[in-house]
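Quick mapping for you: the protein sequence lines, in order, are chains A and B. Under numbering that gives the first Met the number 0, the first residue of the first sequence is numbered 0, with each subsequent residue one higher. Under numbering that gives the first Met the number 0, the first residue of the second sequence is numbered 0, with each subsequent residue one higher.
Errors might be hidden in some of the hints.
Because identical chains cannot be distinguished in the list, a pair is counted as satisfied if it fits within a single copy or across any two copies.
DSSO-like cross-link-like pairs, simulated, lysine-lysine; straight-line CA separation at most 27 Å [claimed, not checked]:
no., residue 1, residue 2
1, Lys-64, Lys-54
2, Lys-64, Lys-7
3, Lys-56, Lys-12
4, Lys-7, Lys-20
5, Lys-12, Lys-54
6, Lys-7, Lys-54
7, Lys-41, Lys-7
8, Lys-7, Lys-56
9, Lys-20, Lys-54
10, Lys-12, Lys-41
11, Lys-41, Lys-54
12, Lys-56, Lys-20
Simulated from the structure, these hints should not be mistaken for lab results. Please read these numbers as outputs of a predicted model, since none were measured by experiment.
2 protein chains.
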Amino acid sequence: MTYTVQIKVMPLKELLDPQGKAVMGGLENLGLMGVEEVRIGKNITLRINADSTEKAKQIAEEASKRLLANPVMEYFEVSIN
Amino acid sequence: MTYTVQIKVMPLKELLDPQGKAVMGGLENLGLMGVEEVRIGKNITLRINADSTEKAKQIAEEASKRLLANPVMEYFEVSIN
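Model the full structure from these sequences, guided by the hints.
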């Protein structure tokens with residue numbers, strides 16, 4: 000069966016996010032009020048052919064660890080809808 | 000009150016996603032089986048100070064339309080946990 004898996008890769012909370020800071024400045028320049036913090040990461044959608052949800056999740060986690068996320072700067076979350 | 004809003008910005012389904020294609024090749028090189036498609040977009044987390052969930056969502060949608068997503072190439076989804 001084919002599963003659609005979402006992987007969210009975000010900068011670690013302890014680290015500065017210069018891209019987020021830049022967007023924050025852009026929002027202020029547009030006059031958009033109320034935004035206090037912006038953090039920007041990646042969203043990766045995988046279509047995975049696997050026998051079960053668990054197996055699909057396992058493949059997505061391995062892909063995240065080995066290729067998609069850099070653990071020095073990022074954390075990831077895997078979810079299957 | 001402060002709300003945490005997630006914005007997912009993804010390449011339109013009709014369009015090629017060269018970054019996703021490259022990652023797909025990388026996964027194959029690592030010997031990771033089962034992945035049929037990879038699409039890569041952005042995940043943006045906003046911390047928004049607003050009076051209500053609806054108001055926070057409205058600010059996030061305006062930010063997406065005016066700055067975060069390029070409608071020619073991307074679609075966005077706003078969600079509040």
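Structure versus earlier hints - violations, ascending order: Structure breaks no hint.
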